[in-house]
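Visitor: Here is what each chain is made of, one letter per residue.
2 protein chains.
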Amino acid sequence: MRLVLSEKDLSFTAVVEKPWDRRTEFLALSPGGEVPVLVEEDGFAIPDANAILEYIEETRPNPPLLSTGPTARAKVRALAGFFDRVFFRDVVETLVVEKALKRLQGSGEPDGFAIRRGYQALEEHLKYINYLAEQHKGLASDALTLADLTAAAHLSVVDYLGDIAWDKHPEARAWYSRMKSRPSFRPLLADHIPGLPPPVHYANLDF
Amino acid sequence: MRLVLSEKDLSFTAVVEKPWDRRTEFLALSPGGEVPVLVEEDGFAIPDANAILEYIEETRPNPPLLSTGPTARAKVRALAGFFDRVFFRDVVETLVVEKALKRLQGSGEPDGFAIRRGYQALEEHLKYINYLAEQHKGLASDALTLADLTAAAHLSVVDYLGDIAWDKHPEARAWYSRMKSRPSFRPLLADHIPGLPPPVHYANLDF
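Residue numbers (the numbering used here), protein chains in the order written: chain A, 4 to 210; chain B, 4 to 210.
Excised from the complex, chain A in its bound form (with noise of 0.2 Å):
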């Protein structure tokens, strides 16, 4: 979501809310208590990201993120959609549990078959992610959209946990390193989590 309002070079000041809190002052912006909430300056708040997403597009239309012409722009959400969902649940879930959930909560040893399991998906995912950047600059097109904004947020995820084996995948290493060198990337690469210090390469942009 920041990635997106910096691309449009839309200011903001983020909030952090604990859902778990369930304050009633929350619940009457978004009543499933869930984040994130987008608060407009005249008060106008909305839940839910997918609602979000669309909203900027359409008030805030340049640049364009989720391509233009109604093809193009299914292309863009199934493709953002599958990041959001397939990825995340083969790949960034299963990662982050084992790698640093774990750790952080003391609550038990990584599991070494999940985490080669994890890294199994991942491999996969990159071939998909290699095969869409031969065809273009972006994965769903020469220019850039919601598709890449939110395949590279996770990867940063994986990428902070451990390196990812690029070797096999000149292109998707390509496309990576183009999205890591945006200025939009700038905040989440110096993001640190406590405890869990990100691997030397982690906001290297040559890495």
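It is possible that some hints are incorrect.
Put simply, identical chains are the same to the list, so a pair is met inside one copy or across any two.
[Said to hold, decoys possible] Below, computed lysine to any residue pairings styled on SDA-like, alpha-carbon distance capped at 20 Å: (1) K130 <-> E28; (2) K130 <-> E37; (3) K140 <-> E10; (4) K102 <-> F116; (5) K130 <-> T27; (6) K130 <-> G36; (7) K130 <-> R25; (8) K130 <-> P34.
It should be emphasised that the hints constitute simulated quantities derived from the structure, not laboratory data.
From a predicted model like this one, the values you see are computed outputs, not experimental measurements.
Model the placement of chain B on the given structure of chain A, informed by the hints.
Guide: Just chain B now, kept in the frame of chain A:
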């Protein structure tokens, strides 16, 4: 999805796909192996329920099911997302597992505590639906929107699994009665789960 297609008076052929078969031809249409997938007559295929809905709205705008104008559309998308995630998780999923799946699969006794929790959540959600239906004819506006279709589709599952205590929620009841009497709901109300007949009131429009 079929409600949206029906409300827009679009003809379609539903094809059953078992995603767990992971057919190569299907994975070519949906790289994540997810259903639903929309296939146009010219072969253009879109996976991802959200991408499909937005594509249908962009290419077949009448009647509009996302409302008109960015703020109204944001409300509709957020409300539809709320029912798809929060209502589904709190109510539908719990009751389907406890009241249907366990019986159909013979996988243990229903958990009375979970069922009570599901019905308590339903009660809260009915209050919210009643509140929304007091403001306008539909849940998001006076016109029918995706929010009405999404909410009514999920409610119809709960209704199938047993009685809903409508007494305290007259506006919600009137709204749901209007939804049930729409022609688009007829095929849905005629659906039966083998081995699990619906209660007698299920397809009754004057429940």
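Visitor: All hints, please: hold or fail.
Guide: Do the hints match the structure? See the list:
1. K130 <-> E28: Between copies, since 18 Å is at most 20 Å while 45 Å is not.
2. K130 <-> E37: Only across copies: K130 and E37 sit 19 Å apart there, 33 Å inside one copy, limit 20 Å.
3. K140 <-> E10: within (17 Å within a copy, 39 Å between copies)
4. K102 <-> F116: within (12 Å within a copy, 34 Å between copies)
5. K130 <-> T27: between (46 Å within a copy, 16 Å between copies)
6. K130 <-> G36: between (37 Å within a copy, 16 Å between copies)
7. K130 <-> R25: Intra 42 Å, inter 18 Å, cutoff 20 Å: inter-copy only.
8. K130 <-> P34: Cα proximity of K130 and P34: across copies only (12 Å, versus 40 Å in one copy).
Consistency with the previously given hints is maintained throughout, with no hint failing.
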